[in-house]
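J.: Can you make the complete structure from the sequences, with help from the hints?
Protein chains in written order, with this note's numbering: chain A, 1 to 459; chain B, 1001 to 1098.
Hints were generated in silico from the structure; no laboratory data involved. For every residue, glycine included, the Cβ atom is placed at its ideal position computed from N, Cα and C. One or more hints might be untrue.
[As the list claims (entries may be wrong)] Covered, in the sense of this in silico footprint (three residues per stretch, anywhere, with C-beta under 8 Å from a C-beta of chain A), are these stretches of chain B:
{"id": "1", "region": "1004-1012"}
{"id": "2", "region": "1015-1029"}
{"id": "3", "region": "1051-1058"}
{"id": "4", "region": "1065-1073"}
[Said to hold, decoys possible] Pair by pair, the computed Cβ-Cβ distance ranges are:
{"id": "5", "chain 1": "A", "residue 1": "G240", "chain 2": "B", "residue 2": "G1084", "range": "46 to 56 Å"}
{"id": "6", "chain 1": "B", "residue 1": "R1003", "chain 2": "A", "residue 2": "G215", "range": "44 to 54 Å"}
{"id": "7", "chain 1": "A", "residue 1": "T390", "chain 2": "B", "residue 2": "V1047", "range": "22 to 32 Å"}
{"id": "8", "chain 1": "A", "residue 1": "P431", "chain 2": "B", "residue 2": "I1071", "range": "31 to 41 Å"}
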Amino acid sequence: MSDFDLAVIGAGPAGMAAAVEARLQGLIVLVVDENAAPGGQVFRAAEACAPDPAVGPDIMPGLPLIAAFRGCGADYRAATTLWHLDPEEGVLSLAAAGTTETVTARRVLLATGAQERPVPIPGWTLPGVMGAGAAQILLKTAGAVPVGPTVLAGQGPLVWLLAVQLARAGVAPLVLETRTVSIAAALAKAGGGLVAGRGLLAKGLSLMAEARRRGVRVIRGVRGLRAEGANRVERVAWEGGSAPCDTLLLHEGVIPSTHVSRAIGLDHAWDADQACWRPVADDFGATSSARVAVAGDGAGIGGWQAAAAAGRLAALDAARRLGALSEDSFAREIAAPLAARRAALALRPFLDALYAPPNAVLTPPDETIACRCEEVTAGAIRRAAALGATGPNQLKAYLRCGMGPCQGRVCAPTVAALIAEVRGLAPQEVPPLRPRAPYKPVTVGMLAASAESLQQSAP
Amino acid sequence: MFRARPEVRPATVEVLVEGTPVLVPEGATAAAAVLLAGLPAIRETPVTGSPRLPLCQMGVCFDCLAEIDGIPNRQACMVTVVPGMRIARQHGAREALR
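T.: What follows is the structure, encoded as structure tokens:
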């Protein structure tokens, strides 16, 4: 007898929508999330930051879903980390508040969201360099903004959103746009998406107009970006220019966070349009594991509205599989979320084409540190690949890449791309890094505390 | 370096960053407290001793590892502040026996 019908990992749009729908279908639901409040990254700390004029307008759309989630009756565990998942037995090992716990679930939904694509440039380990998403999280969770000259370098929707949010907070950044694809070339790949996606497109254009109105200066076509300084970033330089800089925010889009889906051995497929791996899943998120589904940006980048629809679909599929929803009802219920997801994804081909990461981001110059934990340069990885390292798993033995505390979360895409480059392979031909449990560190003390409580509860 | 905006998010939680009291907004993380305190680094790397500050703020990069309430190697960006929390920098590799 399982503790839960459905265990959802992640309380972002996909996880929250899945929990709400699964509860409507009468399932007993667990939701595990590492953050202190629901919302994921897009609606991070939404309840607390909604009154902040810098981020409020962009956060508001998430509040109804968060309220529905709070009231849905799922067992919601905030500030809780999944550190092991056994997909065969449906056993989840959780860590929270200095102790660990094991629970069981008949079905598991990974809604682990996205992470920022690594942007390895020379000097990116200097204090003062961080992700654009990181600065946005500081703004949402603490209302904090950078002091001194702030440069936002890269491309993608988040660059414009954050530029506007920082400007609203009184610290308009200098934007260095690294886009290499022309609008005309992206339009050629947009298909019919521009019409169906006109709402999202209009929002993007209005953000760009607001950035201009609020005094955000933009330099386009930036190449050869580097952070310079002694013990922290003091200057950002590029081909043909430089600027003083106290905070450098980098962004080249987001990629699915596949740490757990990889660790449990799900099948993954290379997404050439988004230059990243994603778990193989059907329309309802069902994967190569009989028990595990995926939904949201962790299954392929689509944004929060597509994620919420995917969460609902995965929950309906879970209810059907567990016998709580008839085939007829299932067929009726899926129509609306399928249509909602299609609409939300309409603009994606245009965005993916327009903001395709440049080669220099995927395979940085030799002097650049690729593995931040073990401080391994791109040049060292190229040499190891030439010596015979066939993939990131072999490369561990050569250079320790992927063996530091981040377990390859940051360096894996770069390491694989460098090996592919040197060995003349397509990206999907390099066997990917296989992460291991514990997915996040647990202390011996935490394990001992849970063992003690087990002993005490034994008869 | 970062600053809070007390007009929208009052700094009401007092934590100790390297022993110095710092007021931060409710809901901030330990990593945010280090940035608001203006520390030049949250840790020095085990390999070369180079200074680092948080990179991702979302639990991915592990560059914000710090000693929090006496427990080292914690992801400061994943820990929400509570009054009296002690946040300290980490220097290089942990010594096996202290």
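J.: Compare the structure with each hint and give your call.
T.: Hints and how they fare:
A stretch counts as covered by a chain when three or more of its residues have a beta carbon under 8 Å from one of that chain; for the region 1004-1012 of chain B and chain A the count is 4, and the coverage holds. Closer than 8 Å: that is the beta-carbon criterion, and the region 1015-1029 of chain B has 6 residues meeting it against chain A, so the requirement of 3 holds. Restraint check on the region 1051-1058 of chain B versus chain A: 8 residues with Cβ-Cβ distances below 8 Å, three needed, restraint holds. Counting residues of the region 1065-1073 of chain B whose CB lies closer than 8 Å to any CB of chain A gives 3, so the stated coverage by that chain holds, three being the minimum.
Evaluation of the 46 to 56 Å hint for A/G240 and B/G1084 yields a pass: the beta carbon distance comes to about 51 Å. Separated by about 19 Å at the C-beta atoms, B/R1003 and A/G215 break the suggested range of 44 to 54 Å. Range check, A/T390 to B/V1047: Cβ separation about 25 Å, and the 22 to 32 Å hint holds. One distance hint, 31 to 41 Å for the beta-carbon pair A/P431 and B/I1071, holds here, with the actual separation near 36 Å.
Of the numbered hints stated above, the single one contradicted by the structure is hint 6.
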